[in-house]
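As a plain string of letters, each chain reads:
2 protein chains.
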Amino acid sequence: MARVFKRLTPVDRVVSEVLSRLRISLAEEEVPLEEALGRYASRDVVARMDIPSEDRAVVDGYAVRSKDTQLASQASPAVLRLADRVLIGEYPSSPLKPGEAVEVSTGSPIPEGADAVVMLEHTRVEGGMVYVYRSVAPGYGVSRRGEDVRAGDLLVRRGTRIRPWHVGLAAAQGYTSLPVYEEPCATVLNVGDEIVEPGEPLGPGKIYDTTGYLVRSYLREMGLRVLSRGRVGDDEEAIERFYREALEECPFAFTIGGTSVGRKDYSARVLERLEGVEYYVHGIALKPGRPAAVAVVGGRLAMALSGFPVAALAELQAVFEPVFYRALGLEEPVRPVVQARTLRRIPATPGVRHIYRVRVYMDGRGSYYVEPLRLTGSGVLSALARGNGILVVPEDTTGVEEGELVEVELIGPPATLESR
Amino acid sequence: MARVFKRLTPVDRVVSEVLSRLRISLAEEEVPLEEALGRYASRDVVARMDIPSEDRAVVDGYAVRSKDTQLASQASPAVLRLADRVLIGEYPSSPLKPGEAVEVSTGSPIPEGADAVVMLEHTRVEGGMVYVYRSVAPGYGVSRRGEDVRAGDLLVRRGTRIRPWHVGLAAAQGYTSLPVYEEPCATVLNVGDEIVEPGEPLGPGKIYDTTGYLVRSYLREMGLRVLSRGRVGDDEEAIERFYREALEECPFAFTIGGTSVGRKDYSARVLERLEGVEYYVHGIALKPGRPAAVAVVGGRLAMALSGFPVAALAELQAVFEPVFYRALGLEEPVRPVVQARTLRRIPATPGVRHIYRVRVYMDGRGSYYVEPLRLTGSGVLSALARGNGILVVPEDTTGVEEGELVEVELIGPPATLESR
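So the protein lines, in turn, are chains L and X.
Each number in the working numbering corresponds to the 1-based position in the first sequence with 232 added.
Each number in the working numbering corresponds to the 1-based position in the second sequence with 232 added.
Source of the hints: derived by calculation from the structure; they are not laboratory data.
Do not take every clue at face value.
The list makes no distinction among identical chains, and a pair is therefore deemed to hold if it is satisfied within one copy or across any two copies.
Straight line, CA to CA, 20 angstroms or less: simulated EDC-like cross-link-like pairs of lysine to aspartate or glutamate [stated by the list, open to error]: (1) Lys438 x Glu286; (2) Lys438 x Asp467; (3) Lys438 x Glu358; (4) Lys299 x Glu432; (5) Lys519 x Asp425; (6) Lys438 x Asp316; (7) Lys238 x Glu353; (8) Lys438 x Glu639.
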């Protein structure tokens with residue numbers, strides 16, 4: 233008898249069922265500015281003062297009362313008395329009197345009374361007098377207080393993953409720290425008698441833990457704090473204990489392996505009968521990744537991931553990522569996506585979402601091409617080594633024809649077409 | 233008199249002149265697998281063993297000698313003797329004899345003598361005998377040793393920034409550590425009398441350090457170790473001392489501020505007269521970012537960046553990034569680029585590369601639109617706050633017309649067109 237799932241649940245259905253039941257809130261902390269890089273903002277950060285904080289020159293020249301230049305021309309310059317010079321970082325000591333001009337550099341505050349700056353090249357200085365050869369309108373050459381940023385302006389939206397310019401913006405406002413979410417934690421357990429830790433001797437029929445390293449790194453890259461709980465054999469009691477303790481400790485718990493239908497679905501089976509299960513599904517319309525089990529337990533998320541690395545990746549990408557970002561209100565990363573032409577037909581089963589690891593090529597004219605890599609059977613690690621793209625074939629199709637244009641996410645630099 | 237550069241050097245020229253003179257080599261270190269994430273591989277990492285390490289079943293069923301099933305059919309099954317069961321992680325203790333079948337699960341090693349696996353659904357077991365209803369060819373249902381990965385296959389190329397799957401691949405081969413480059417270091421100094429550290433009182437005419445925070449975060453995000461050397465005033469001796477010491481310590485040294493042409497180009501001027509200068513340029517055909525000065529000193533790179541945040545960003549992006557990745561042979565990050573239609577004309581000066589911070593919108597049908605943000609004068613911080621894209625207008629154009637399609641790099645999620 234073939235061991236098949238009686239029913240596969242569509243990916244989007246799993247995601248929405250989980251989202252409607254999760255109750256996760258993250259603690260906030262205040263971290264020094266330079267440690268905020270890569271963290272998620274836990275509150276809107278707004279400007280607390282106007283920038284510029286005062287009217288400033290935006291050109292080098294002379295601050296004037298514009299009225300005093302009204303009739304100035306090349307033939308008949310206005311003649312103003314030169315007042316004390318003002319440099320960037322120095323403040324004009326006294327208001328500008330009628331008939332006066334004061335030297336300013338780009339960025340200098342404009343003294344009280346002045347309302348415009350005449351550019352240096354339209355002036356000449358002689359004997360303590362400034363000859364102004366052009367009339368200026370009020371505001372000319374001046375950046376007004378608050379013109380760039382006004383107190384109250386939004387600088388960093390809650391949920392943003394902080395990039396260098398957010399740090400700079402906060403610094404510009406005198407902030408020394410930023411409010412960020414505590415890194416959400418996730419516990420991870422390897423399940424399986426055949427798994428050996430790298431560095432240990434590899435007995436017959438054993439394989440080195442691959443998916444555990446992959447999953448933990450993947451979660452870390454997303455910004456989670458990962459607690460590895462090592463490995464247990466095919467031992468339901470140990471798996472159950474893990475889930476119970478893990479979900480006490482962290483909002484997310486993952487087992488790896490023990491999900492295939494049949495004798496070896498320990499992890500999935502244990503998940504179903506945990507106390508407090510509010511939602512449970514085993515068998516997702518996702519390829520690879522069909523055997524994953526997903527549960528919401530006490531408002532927290534537990535996933536029994538497949539032991540196969542490419543399948544576990546697909547499960548994280550299709551189910552965990554949207555749940556994670558949406559449940560916590562975090563900004564989803566912007567992914568590099570290119571339009572590529574398929575070099576072979578890519579088959580797909582209708583009703584199932586396929587996530588292919590693919591090889592993306594670029595020709596000399598900047599056009600992209602895409603070729604699927606073997607995903608099933610044994611072509612698993614080579615797909616990880618050679619894959620530089622991810623192609624999602626949605627549920628409503630029987631595949632992609634050769635030569636069709638598809639959107640592919642680049643996860644590495646494209647190869648040259650000649651290297652194919 | 234307007235203070236202008238007599239000559240602006242094209243960006244690509246600066247990059248190639250610098251690259252031909254840099255002599256930077258990074259130290260290597262061996263770090264535990266899970267700490268290698270985000271680091272750059274310093275050597276090619278190759279497979280040291282075949283995977284699978286032995287012939288394995290890729291379906292659940294019975295391992296057989298294919299010869300024994302030659303004439304099997306639904307009407308006339310082959311009848312084989314059931315030998316000891318083999319599970320994943322257990323090794324077959326003895327070779328399969330002619331006329332025998334042994335139960336295997338997906339992943340189980342195939343015993344010596346067997347050369348195919350009959351799928352469970354084409355068999356029936358009764359009284360210690362296996363009835364095989366289908367003939368199988370040699371190799372059917374079997375993954376051969378080395379079929380996925382062969383010893384010597386390239387897993388991670390030198391210069392790759394290590395992602396989760398690279399960690400997984402190395403683990404699969406039993407590696408416990410990976411060879412990575414030491415994080416290259418960069419020293420950074422703020423120059424300017426008007427700069428105040430966030431948290432300190434902001435006197436009249438002063439501004440909080442913005443560009444320093446921005447630049448240091450940017451370098452850190454690229455994977456550099458950043459040594460901040462604080463701030464000096466407009467003090468040529470202090471700047472010179474900084475450069476001398478910084479270039480002893482690190483392959484990259486940056487000052488921020490003191491580059492504008494005229495009275496206040498301390499940083500640029502100091503750079504030119506440093507001992508051991510092999511290349512020097514002040515004034516780049518880049519907007520913003522024109523006043524940057526770039527020097528190669530004793531095979532190392534020194535840059536006097538503009539004090540304006542958006543200009544410093546453009547200088548890092550246009551000059552430092554290509555130099556950094558190419559000089560060290562590191563993989564350049566793949567950037568998310570979309571085709572977007574301009575909502576306004578975007579002017580450009582021929583012969584100058586323009587780097588615009590832009591706002592990218594998406595309409596309900598997934599089409600992108602782009603609008604430039606004010607870059608010069610005072611619209612500097614708001615461009616950082618509102619910019620979610622970067623548009624590079626190359627040297628060979630006078631601008632981009634309204635409604636033209638351009639390629640834009642997304643640095644944040646696109647806004648909805650309705651929010652415009």
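These are the hints, each one checked on the structure:
no.	hint	verdict
1	Lys438 x Glu286	between (71 angstroms within a copy, 10 angstroms between copies)
2	Lys438 x Asp467	within (17 angstroms within a copy, 66 angstroms between copies)
3	Lys438 x Glu358	neither (90 angstroms within a copy, 31 angstroms between copies)
4	Lys299 x Glu432	neither (85 angstroms within a copy, 39 angstroms between copies)
5	Lys519 x Asp425	neither (25 angstroms within a copy, 61 angstroms between copies)
6	Lys438 x Asp316	between (83 angstroms within a copy, 19 angstroms between copies)
7	Lys238 x Glu353	between (82 angstroms within a copy, 16 angstroms between copies)
8	Lys438 x Glu639	neither (38 angstroms within a copy, 49 angstroms between copies)
Hints 3, 4, 5 and 8, counting from the list given before, are not met by this structure.
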